[in-house]
Amino acid sequence: MKGGCRMMRTKKYWKDTLEAYLYLLPAFLVLGMFSFYPVVKSVYMSFFDWSLLRENQYFVGLENYEKIVSDPVFRTAIVNTLRYVVGYVPISIGLGLLVAVLLNSKIRFRGPLRVAYFLPWVTSSVAISMVWRWIYNQHYGLLNMMLTGLAGVVNAVVAFVTFGNLTNVWQFSSPNWLMDPRWTIVNLVIIAVWQSLGYNMIIFLAGLQNIPQDIYEAAEVDGASPWQSFWKITFPLISPTTFFISIISIIGAFKLFTEVYVLYTGRPGPVNSGMTIVYYVYRNAFERYRMGYASAAAYILFAIIFIFTLVQMRASKRRIHYGS
Amino acid sequence: MLAEQQMWRYRLHKVFTKGILYVGLLAGAALMMLPFVWMLTSSIKAPEEITLRTIQWLPKAAQWQNYKIAWEAAPFNVYFKNSFLIAITVMGLDVVFSSLAAYAFAKLNFFGKNFLFLLFLGTMMIPGEVMLIPNYITMVNLGWVDTYAALIVPWTVSVFSIFLLRQFFLSIPHELFEAAVLDGCSRFKYLIQIMVPLSKPALVTVALFKFIGSWNSFLWVLIMTNTPTMRTIPVGLTYFVSDVGSYYNYLMAASTFAMAPILLLFLLLQKQFIQGIARTGLKG
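Top to bottom, those sequences are chains A and B. Numbering-wise, the first sequence is residues 1 to 324 according to our numbering. Numbering-wise, the second sequence is residues 1 to 284 according to our numbering.
Bear in mind the hints are in silico, worked out from the structure with no lab data behind them. In this text, a Cβ means the ideal position worked out from N, Cα and C, and glycines have one as well. Be a bit skeptical, because a hint or two may be false.
Derived contacts from chain B toward chain A, CB cut-off under 7 Å, selection only [to be verified]: (1) Leu-12; (2) Val-15; (3) Phe-16; (4) Gly-19; (5) Met-33; (6) Pro-35; (7) Val-37; (8) Met-39; (9) Leu-40; (10) Val-95; (11) Phe-97.
No farther apart than 30 Å at their CA atoms in a straight line, the calculated lysine-lysine pairs in the DSS-like style are these [what the hints assert, rightly or not]: (12) Lys-271(B) to Lys-41(A); (13) Lys-255(A) to Lys-271(B); (14) Lys-106(A) to Lys-60(B).
To give an idea of the interface, some chain A residues facing chain B are shown, with a C-beta separation under 7 Å as derived from the structure [unchecked claim]: (15) Pro-26; (16) Val-101; (17) Leu-113; (18) Val-122; (19) Trp-134; (20) Phe-163; (21) Leu-208; (22) Ile-211; (23) Gln-213; (24) Phe-308; (25) Thr-309.
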């Protein structure tokens with residue numbers, strides 16, 4: 001009896017397997033060809049001096065990796081990317097949390113305000129980087145014109161308050177944002193913060209909604225100020241969300257390319273000041289056709305991102321563990 | 001008397017903090033909107049107004065013809081047609097293929113299920129840039145460079161969509177499935193007639209984000225297209241810059257119509273957008 005049952009089950013099992021594989025067929029084909037195969041192929045390619053311009057490829061072992069690691073341009077790319085990550089991630093998360101907390105209170109126009117903060121996230125990076133290129137223009141850009149105006153107001157106020165003893169305290173001379181390499185990462189950080197703040201805000205709002213309201217009420221009864229209840233209640237309880245956003249922001253930040261390409265019209269900024277890891281891959285693969293070399297660089301990027309993915313996976317496992 | 005005074009002070013304090021809250025939030029929102037506003041007003045300025053050194057918020061007379069000039073200065077109608085064609089096809093195929101795969105993972109027991117699911121999920125951890133180069137070579141070998149196939153086929157299945165739909169399918173009670181199968185409903189019929197209508201919110205989310213992802217995608221289109229007739233809006237726009245140089249009024253007009261479809265879509269489907277992100281926490 002039991003044996004018969006099992007036999008029937010196995011028969012059904014194999015029938016199910018066949019049916020399941022039919023459902024999975026398109027996914028197998030597409031992922032197999034454009035995800036699984038290239039992942040393996042690019043490891044293989046990274047050990048070759050691989051050029052599209054010739055028939056035969058030469059095995060070079062680890063030479064590509066050695067060359068990349070000792071290439072000063074690659075080091076610049078790493079340093080630039082790190083500076084970008086360190087500048088952008090904390091600011092965009094901090095501001096996203098701030099706006100989310102403010103919007104989470106009982107106020108009017110919540111909907112329209114949320115839309116206003118979120119709008120930059122849906123726009124195409126290319127079109128919006130074009131707009132920022134115009135804003136950063138040295139002579140006719142909005143940024144310098146606004147800063148000039150601001151400097152004028154500040155100087156007038158200071159002169160008035162000090163009875164004319166201090167004039168021109170803020171001597172503003174319009175920086176050339178896009179030509180001066182010192183500003184490159186700052187420019188990119190400003191765009192990234194502006195674009196991702198709303199996204200972070202939405203995720204934080206979802207997290208804030210999970211915090212029971214009565215904790216705040218109890219705290220208020222006990223005489224806690226809003227400031228205290230933020231640091232003692234909101235901040236610790238929202239920390240899993242903060243952590244999640246940090247990791248995905250860091251991973252996203254390591255892939256910076258489009259904004260640099262558009263802001264500097266197909267160049268990695270003045271004197272490589274906007275060179276990023278992905279830009280380095282792009283330049284070697286599609287401007288110099290060194291496919292093996294670029295594959296090795298892409299794998300180094302993968303390794304860096306993988307570390308952050310692992311950290312996130314471990315942490316989220318622990319979180320589920322605590323929850324249950 | 002004292003209690004009344006305290007009450008007043010409390011109220012005053014409340015009104016004051018609320019006032020600061022509103023001013024802060026509105027100022028922030030205005031700052032966020034500023035680039036869009038500047039884009040719009042710049043797009044209707046005359047050439048001599050573009051090169052003013054002081055802020056002029058509105059042009060003396062709106063130069064609507066800037067849009068026409070920009071539109072005709074590059075084959076934008078072709079770029080739009082390409083972007084729409086590719087985004088809609090990619091979206092449609094992804095919804096179909098990913099639903100099928102998600103259904104298998106959610107409702108069927110089969111050989112190698114867990115292994116395959118982990119294999120699929122594993123690709124989500126690998127940055128697309130790693131696959132870029134071998135995929136480019138594949139396209140060269142297939143002779144697909146500069147074709148729609150190259151811009152569509154690789155993006156018709158995404159593990160993210162499969163994962164999201166599987167989660168949603170799992171949340172639909174399994175008893176429903178068993179009852180339907182007992183009544184002689186085939187599994188495929190169950191997917192089409194019951195699962196799909198019940199999963200509308202998840203399907204809309206997947207479709208929406210796929211459409212936007214495709215519309216905004218840049219690097220792949222950049223390396224896969226050589227001829228202007230194959231370009232999409234974002235890539236066309238970067239070439240347009242080198243054509244018009246510093247005529248920022250035309251550039252801003254072009255930027256405006258490049259982002260218009262997505263902005264409209266967002267304003268129409270705000271709720272789905274925001275819920276979709278809050279639910280999935282996806283990064284575009």
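| Does the interface hint hold: is Phe-163(A) within less than 7 Å of chain B, judged Cβ to Cβ? | 29 Å, violated
| message | Val-15(B) was flagged as interface toward chain A. Is the shortest Cβ-Cβ separation under 7 Å? | response | Cβ of Val-15(B) sits 13 Å from chain A, so the hint is violated.
| query | Does the CB of Pro-35(B) sit less than 7 Å away from some CB of chain A? | reply | With a minimum Cβ separation of about 5 Å from chain A (threshold 7 Å), the hint on Pro-35(B) holds.
| field | Hint check: 7 Å Cβ-Cβ cutoff, Met-33(B) to chain A | value | 6 Å, holds
| field | Hint check, Pro-26(A) versus chain B [nearest Cβ-Cβ separation less than 7 Å] | value | Holds, about 4 Å.
| message | Just to be careful, I want the Cα atoms of Lys-271(B) and Lys-41(A) compared with a cutoff of 30 Å; is the pair within it? | response | 42 Å, violated
| Does Leu-113(A) meet its interface restraint, that is, does its C-beta lie within less than 7 Å of any C-beta in chain B? | 5 Å, holds
| message | Val-95(B) was flagged as interface toward chain A. Is the shortest Cβ-Cβ separation under 7 Å? | response | 12 Å, violated
| Closest C-beta approach of Val-101(A) to chain B relative to 7 Å, hint status | 10 Å, violated
| Given the hinted pair Lys-255(A) and Lys-271(B), is their alpha-carbon gap at most 30 Å? | It holds: about 29 Å lies between the C-alpha atoms, which stays within 30 Å.
| request: Grab the minimum C-beta distance from Leu-208(A) to chain B and call the hint holds if it beats 7 Å, violated otherwise. | output: This hint is violated: Leu-208(A) lies away from chain B, its Cβ roughly 11 Å from the closest one there, beyond 7 Å.
| message | Is the interface hint satisfied for Val-37(B)? The criterion is a beta-carbon contact with chain A at less than 7 Å. | response | With a closest approach of 9 Å, the Val-37(B) hint is violated.
Against the hints set out earlier in the document, violations occur for numbers 1, 2, 3, 4, 7, 9, 10, 12, 14, 16, 20, 21, 22, 23, 24.
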